[in-house]
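Q: This is what each chain is made of:
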Amino acid sequence: MGLEMQHGGKTHATLATEAIAEEEGRYVYCVADAGEKMSLGKIGIAGHEVHTIPHKDICAVVHDCLAQPYQSDDQEVIKTWAMTHQKVVETAWERWGTVLPLSFDTIIRGEAEKSAEQNVKDWLGQKYQELKRRIDKVSGKTEYGVQIFWNPKAIAQNLAQTSPKIKSLEEEIKTKPKGLAYMYRQRLENLVKHEMESKADEYVTIFYNRIRKQVDDIRVEKAKKAENDLQMILNLTCLVYKDKYIELGEALDRINQMEGFSVRFTGPWPPYGFV
Amino acid sequence: MVVDIDEKNLKHGVLGLVIALVEIIRDALNLQAIRRMDGGSLTEEEIERLGQALMELDTAIEEIKQEQGIIESVKSVRDGLDEIVDDVLDRMINPEKWRQEAEQWV
Chain A
1 MGLEMQHGGK THATLATEAI AEEEGRYVYC VADAGEKMSL GKIGIAGHEV
51 HTIPHKDICA VVHDCLAQPY QSDDQEVIKT WAMTHQKVVE TAWERWGTVL
101 PLSFDTIIRG EAEKSAEQNV KDWLGQKYQE LKRRIDKVSG KTEYGVQIFW
151 NPKAIAQNLA QTSPKIKSLE EEIKTKPKGL AYMYRQRLEN LVKHEMESKA
201 DEYVTIFYNR IRKQVDDIRV EKAKKAENDL QMILNLTCLV YKDKYIELGE
251 ALDRINQMEG FSVRFTGPWP PYGFV
Chain B
1 MVVDIDEKNL KHGVLGLVIA LVEIIRDALN LQAIRRMDGG SLTEEEIERL
51 GQALMELDTA IEEIKQEQGI IESVKSVRDG LDEIVDDVLD RMINPEKWRQ
101 EAEQWV
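For the record, the sequence lines run as chains A and B. Following our numbering, the numbering of the first sequence begins with 1 at its first residue and continues without gaps. Following our numbering, the numbering of the second sequence begins with 1 at its first residue and continues without gaps.
Keep in mind that the hints were calculated from the coordinates and are not lab data. Everything numeric in this text was worked out from a predicted model, so none of it was measured. Some hints could be false.
To be verified - Where chain A lies over chain B, by a calculated footprint (3+ residues, C-beta under 8 Å):
#1 22-35
#2 39-48
#3 51-63
What the hints assert, rightly or not - DSSO-like cross-link-like pairs, simulated, lysine-lysine; straight-line CA separation at most 30 Å:
#4 B:11 to A:225
#5 B:97 to A:224
#6 B:65 to A:153
#7 B:75 to A:79
#8 A:222 to B:75
#9 A:114 to A:132
#10 B:65 to A:174
#11 A:193 to B:65
#12 B:65 to A:178
#13 B:75 to A:193
#14 A:193 to B:97
#15 B:11 to A:127
#16 B:75 to A:225
#17 A:199 to B:97
#18 B:65 to A:176
#19 B:97 to A:137
#20 B:75 to A:153
#21 A:79 to B:97
#22 B:97 to A:225
#23 A:153 to B:11
#24 A:132 to B:97
#25 B:65 to A:225
#26 A:199 to B:75
#27 A:222 to B:97
#28 B:97 to A:213
#29 A:178 to B:75
Unchecked claim - Derived Cβ-Cβ restraints for the label pairs, each shown as a range:
#30 A:254 to B:97: 28 to 38 Å
#31 A:213 to B:46: 54 to 64 Å
#32 A:157 to B:45: 26 to 36 Å
#33 A:157 to B:71: 18 to 28 Å
#34 B:62 to A:212: 39 to 49 Å
#35 A:157 to B:69: 25 to 35 Å
#36 B:35 to A:140: 54 to 64 Å
#37 B:57 to A:87: 35 to 45 Å
#38 A:139 to B:69: 50 to 60 Å
C-beta atoms are modelled at their ideal positions from N, C-alpha and C, and glycine is treated no differently.
Produce the complete structure using the sequences and hints provided.
A: Written as structure tokens, this is what we have:
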């Protein structure tokens, strides 16, 4: 429908040198819950001026650019761009409270008959209902990251003291000759691993249910690699009502105080994970 | 998985890879040994011999890793493999992933 969203990786083929409407684009950072037309200053990628394009009571937060995706072979450059993108979204979010962040390198371009500016307006118009619905979903809520770690060594030690099976096997090993002791220790390690896995499952379910009660929406992310001696057993992104934040913090605090467990609580963020 | 291939690192890289594979075979042997032991098909004496042999293998692997300074490189190979296996399994047992991937190509 004459509207094209470009994401990084796809290149625009036009090579003409004149600055015609087709080559013009608007880099879109997010859609905000406000109908204002205004400038946010030169805070955009590569120092571009960021401004809004309103439609009814919502607006797109954009900067003017060429209809080409931002690309670079330099990882550092891309990182800086992505961070600037995030900064702009955060600025808009602090200002208007509710935003729908778009992914990095979303560019709406102009056409021969229509300016990029107009295309953005049309896009807001066409998608108005859906955008409004999504804004309503995240309105008054913020995103938090919740990561729960445990210290496998501490937990294993605890298990060794509480599990009669493990305890008796450990006693047995002490009385055996070298080779046998080695084999029994392998068996012991397997047993501990097994018990730890079922313990992890048990705790994950308990924690998940506790946290679920305090949040509006929840997403389970893939647990990341261990850091130091800690192992991540649960990685969540939560959408939280602004006034529910304290309860969530308290629930997490209780988990954090359990021996061998620790919690990382990050945020508040714009609702990247729920739009 | 990152295996640096410049000349200085080549030896370390290859050696790290080899030792990582030896470790994986060792782990498989260990599992088999435990299975047989638990299955009751081995005499006490056989278990003792098996245990000693595996223990010596362990010691030898540790020594090589120390001497050659490849502890990190072995670890990175194994972590890399873990990640690949993890990824494949996740894709197989997680229908949500199929949907996401299918949507990507629409």
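Q: Does each hint hold? Answer for all of them.
A: Consistency of the hints with the structure:
no.: 1; hint: 22-35; verdict: holds (count 3)
no.: 2; hint: 39-48; verdict: holds (count 3)
no.: 3; hint: 51-63; verdict: holds (count 5)
no.: 4; hint: B:11 to A:225; verdict: holds, 27 Å
no.: 5; hint: B:97 to A:224; verdict: holds, 17 Å
no.: 6; hint: B:65 to A:153; verdict: holds, 23 Å
no.: 7; hint: B:75 to A:79; verdict: holds, 28 Å
no.: 8; hint: A:222 to B:75; verdict: holds, 21 Å
no.: 9; hint: A:114 to A:132; verdict: holds, 25 Å
no.: 10; hint: B:65 to A:174; verdict: holds, 28 Å
no.: 11; hint: A:193 to B:65; verdict: holds, 25 Å
no.: 12; hint: B:65 to A:178; verdict: holds, 23 Å
no.: 13; hint: B:75 to A:193; verdict: holds, 19 Å
no.: 14; hint: A:193 to B:97; verdict: holds, 28 Å
no.: 15; hint: B:11 to A:127; verdict: violated, 58 Å
no.: 16; hint: B:75 to A:225; verdict: holds, 13 Å
no.: 17; hint: A:199 to B:97; verdict: holds, 26 Å
no.: 18; hint: B:65 to A:176; verdict: holds, 29 Å
no.: 19; hint: B:97 to A:137; verdict: holds, 24 Å
no.: 20; hint: B:75 to A:153; verdict: holds, 19 Å
no.: 21; hint: A:79 to B:97; verdict: holds, 27 Å
no.: 22; hint: B:97 to A:225; verdict: holds, 20 Å
no.: 23; hint: A:153 to B:11; verdict: violated, 34 Å
no.: 24; hint: A:132 to B:97; verdict: holds, 28 Å
no.: 25; hint: B:65 to A:225; verdict: holds, 23 Å
no.: 26; hint: A:199 to B:75; verdict: holds, 26 Å
no.: 27; hint: A:222 to B:97; verdict: holds, 12 Å
no.: 28; hint: B:97 to A:213; verdict: holds, 26 Å
no.: 29; hint: A:178 to B:75; verdict: holds, 27 Å
no.: 30; hint: A:254 to B:97: 28 to 38 Å; verdict: holds, 33 Å
no.: 31; hint: A:213 to B:46: 54 to 64 Å; verdict: holds, 55 Å
no.: 32; hint: A:157 to B:45: 26 to 36 Å; verdict: holds, 33 Å
no.: 33; hint: A:157 to B:71: 18 to 28 Å; verdict: holds, 24 Å
no.: 34; hint: B:62 to A:212: 39 to 49 Å; verdict: holds, 45 Å
no.: 35; hint: A:157 to B:69: 25 to 35 Å; verdict: holds, 31 Å
no.: 36; hint: B:35 to A:140: 54 to 64 Å; verdict: holds, 57 Å
no.: 37; hint: B:57 to A:87: 35 to 45 Å; verdict: violated, 54 Å
no.: 38; hint: A:139 to B:69: 50 to 60 Å; verdict: holds, 57 Å
Violated hints, in rising order: 15, 23 and 37; the structure is consistent with all others.
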